[in-house]
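K.L.:
Here is how the chains run, residue by residue.
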Amino acid sequence: MTGFRTLLWKELLRFWKVSFQTVAAPVITALLYLLIFSHVLDAHVRVYESVRYTAFLIPGLVMMSVLQNAFANSSSSLIQSKVTGSLVFVLLPPISYLEFFLAYVIAAAIRGVVVGLGVLAVTVWFAPPGFEQPLWIFVFALLGGAIMGALGVVAGIWADKFDQLAGFQNFLVLPLTMLSGVFYSIHSLPPFWQQVSHLNPVFYMIDGFRYGFFGVSDVSPLLSLAVVGAAFIGVSAFSLALLKRGYKLRN
Amino acid sequence: MGVAVSIQQLEKKFGGLKALAGVSLDILEGEFFGLLGPNGAGKTTLISCLAGLARPDAGALTVLGRDVVADYREARRLLGVVPQELVFDPFFTVRETLRIQSGYFDLRDNDDWIDEILANLDLADKADTNMRRLSGGMKRRVLVAQALVHKPPVIVLDEPTAGVDVELRQGLWQFIRRLNSEGHTIILTTHYLEEAEALCGRIAMLQQGRIVALDSTANLLREFSGHTLSLRLAGDSALPAAIAALASRQQAGAWQLRLPDFAAVERVLAALRENGLSIEDMRLTPPDLEEVFIRIMQKGRSA
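For the record, the sequence lines run as chains S and V. Our numbering numbers the first residue of the first sequence as 1 and each following residue consecutively. Our numbering numbers the first residue of the second sequence as 252 and each following residue consecutively.
Only chain S is shown next, with the shape it has when bound in the complex (with noise of 0.2 Å):
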């Protein structure tokens, strides 16, 4: 276990090394998008009956750094190990595809709560969500995290050159997070579009989240954790695949 202990290990300590970067950096831009957002739209928007939309917001900005950053951390990881050559220190030893795989996510997952809690400490003065259902936060914001840390580590496993990497993140991750109803109540879309957005496994984790904040929610909090549950068992499925079989890695 030994090994394993040591790469997780070694995962925390390269983003917490330059945490400037990786935690202080995102919990900025969080707050700039509650700033702006909430003075252009609080006194004009009011999403569910009793919730400001400066208390809406929160939630769905702290939830998706979570999920940004736990993708960023694997994949970014797992990219530069590869382009530098140094993921040959990880190759060598004795440590399983499962070691390999856990170590990663855990470590993903543990970036993305960092800096969901460092945006929540920033952004919860400007307008207190209430807390109904902590353990709904803290099981959404988990799994959240864990499955884009998996998801990280296939794009990081699958990307040669971090501009492929960059286009996963900017043509798959970035519009599946922003458009999962971050800013706004899937409520307020029309129809066709509602209907869009309950394909995106995102918005169930952001719907779920929202949910331990308020008790209110756009589904069901037993369906999104259905949704997110089972998205989480396919990544990880998919992840531990290319991983036995080395896929990129062990070629």
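These are computed hints drawn from the structure, not numbers from a lab. Keep in mind that this is a model prediction, so the values were computed, not measured. Just so you know, even glycine gets a beta-carbon here, dropped at the ideal spot from N, CA and C. Don't take every hint at face value.
[To be verified] The calculated PhoX-like cross-link candidates involving lysine-lysine, where the alpha carbons are at most 20 Å apart (straight line), are: (1) S:K161 to S:K82; (2) V:K269 to S:K248; (3) V:K264 to S:K248; (4) S:K244 to S:K82; (5) S:K161 to S:K248; (6) V:K390 to V:K377; (7) S:K244 to S:K17; (8) V:K390 to S:K82.
[To be verified] Beta-carbon label-pair distances, calculated as ranges: (9) S:G130 to V:L337: 34 to 44 Å; (10) S:L32 to V:E325: 45 to 55 Å; (11) S:K17 to V:R324: 21 to 31 Å.
[Said to hold, decoys possible] Examples of chain V residues lying across from chain S (beta carbon under 10 Å, computed): (12) A326; (13) S353; (14) F356; (15) A375; (16) Q397; (17) A398; (18) L535.
Start from chain S and add chain V according to the hints.
P.N.:
Showing chain V alone in chain S's frame:
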């Protein structure tokens, strides 16, 4: 003595290219073994298969009896590999790098051995320096150190001295020789043939994914080289017909004669005397691996 590394009918293709076309080889415990061949001969592919970095298409490899695929955990614990590329993790210092590498091999509190490696590789004063700040030669030494953290009984060095200065090379070889004398099996690939000649007891030469020579260094030298007599004749004369058959090449105005034995010196001198030729310069050089290498590679190409 047991078998340290056993390679049986190893095949590996990359696309249409056959990198390894059925290689079989046993390396014994305690050997200092050389793996030579031109670029693209399959040396690094062979090492990658041994280290689990590449999956063989066919064949089997074991390290001290442990199959590198089925029993990869034990096999990897028994193997230390110094990769050819100069790679490093820019986030960490030398000591952090070595502690992390120890951890990957399930070792905690490995600092005593880490300190010993650092001292032997002349890295002690760089222990707390970030990897990014090290020179190329220093990074190379850290690569060697990383391969040794778990005291592997079998050590593979893939061109460890490329771009390393003379002083360090000496220090490195001294350390590796010591490890060898303490019982570690060493497998070395290098383009510096004089190094292989000086260090390796046995050598395999690879060409286009096949073993084209496998013997003790002494036997290879005896069989494929021999002493060379370099002669420069006054007035740039041609060699007399009687000894022309011994000439292997003419280099910088001097004839190179390959001597089957020392008695041939007499025949050469007699022939020169009979033809009234005088010698301007003469030198006798012992066999060297470079010539063996060139001859074997030429033979392989024409085959």
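K.L.:
Lying within 45 to 55 Å: is that true of the beta-carbon distance S:L32 to V:E325?
P.N.:
holds, 53 Å
K.L.:
Just to be careful, I want the Cα atoms of S:K161 and S:K248 compared with a cutoff of 20 Å; is the pair within it?
P.N.:
holds, 13 Å
K.L.:
Let me know if the C-beta of V:A375 comes in closer than 10 Å to any C-beta of chain S, holds or violated.
P.N.:
violated, 22 Å
K.L.:
For the restraint on V:L535, tell me whether the closest CB of chain S is nearer than 10 Å.
P.N.:
violated, 46 Å
K.L.:
Keeping to a limit of 20 Å between CA atoms, is the pair of V:K264 and S:K248 held or broken?
P.N.:
holds, 15 Å
K.L.:
Given V:Q397 as an interface hint, is its Cβ closer than 10 Å to any Cβ of chain S?
P.N.:
Where the cut-off is 10 Å and the nearest Cβ of chain S is about 7 Å from V:Q397, the hint holds.
K.L.:
Within 20 Å, alpha carbon to alpha carbon, are V:K269 and S:K248?
P.N.:
Holds. V:K269 to S:K248 sits at ~19 Å (cutoff 20 Å).
K.L.:
Verify the proposed pairing of S:K244 with S:K17, using a straight-line Cα cut of 20 Å.
P.N.:
Not OK: S:K244 and S:K17 at ~30 Å, beyond 20 Å, violated.
K.L.:
Under 10 Å is the threshold here; is the Cβ of V:A326 close enough to any Cβ of chain S for the hint to stand?
P.N.:
Constraint on V:A326 satisfied, holds at 8 Å.
K.L.:
Please check whether V:A398 passes as an interface residue: C-beta within 10 Å of a C-beta belonging to chain S.
P.N.:
holds, 8 Å
K.L.:
Would the hint linking S:K161 and S:K82 be met if the CA-CA limit is 20 Å?
P.N.:
With a Cα-Cα distance of about 9 Å, the restraint between S:K161 and S:K82 holds, given a limit of 20 Å.
K.L.:
Checking one constraint from the list: CA of V:K390 to CA of S:K82, max 20 Å. Satisfied?
P.N.:
Holds: V:K390 and S:K82 sit about 18 Å apart, inside 20 Å.
Of the numbered hints given earlier, the model fails hints 7, 9, 15, 18; all others are met.
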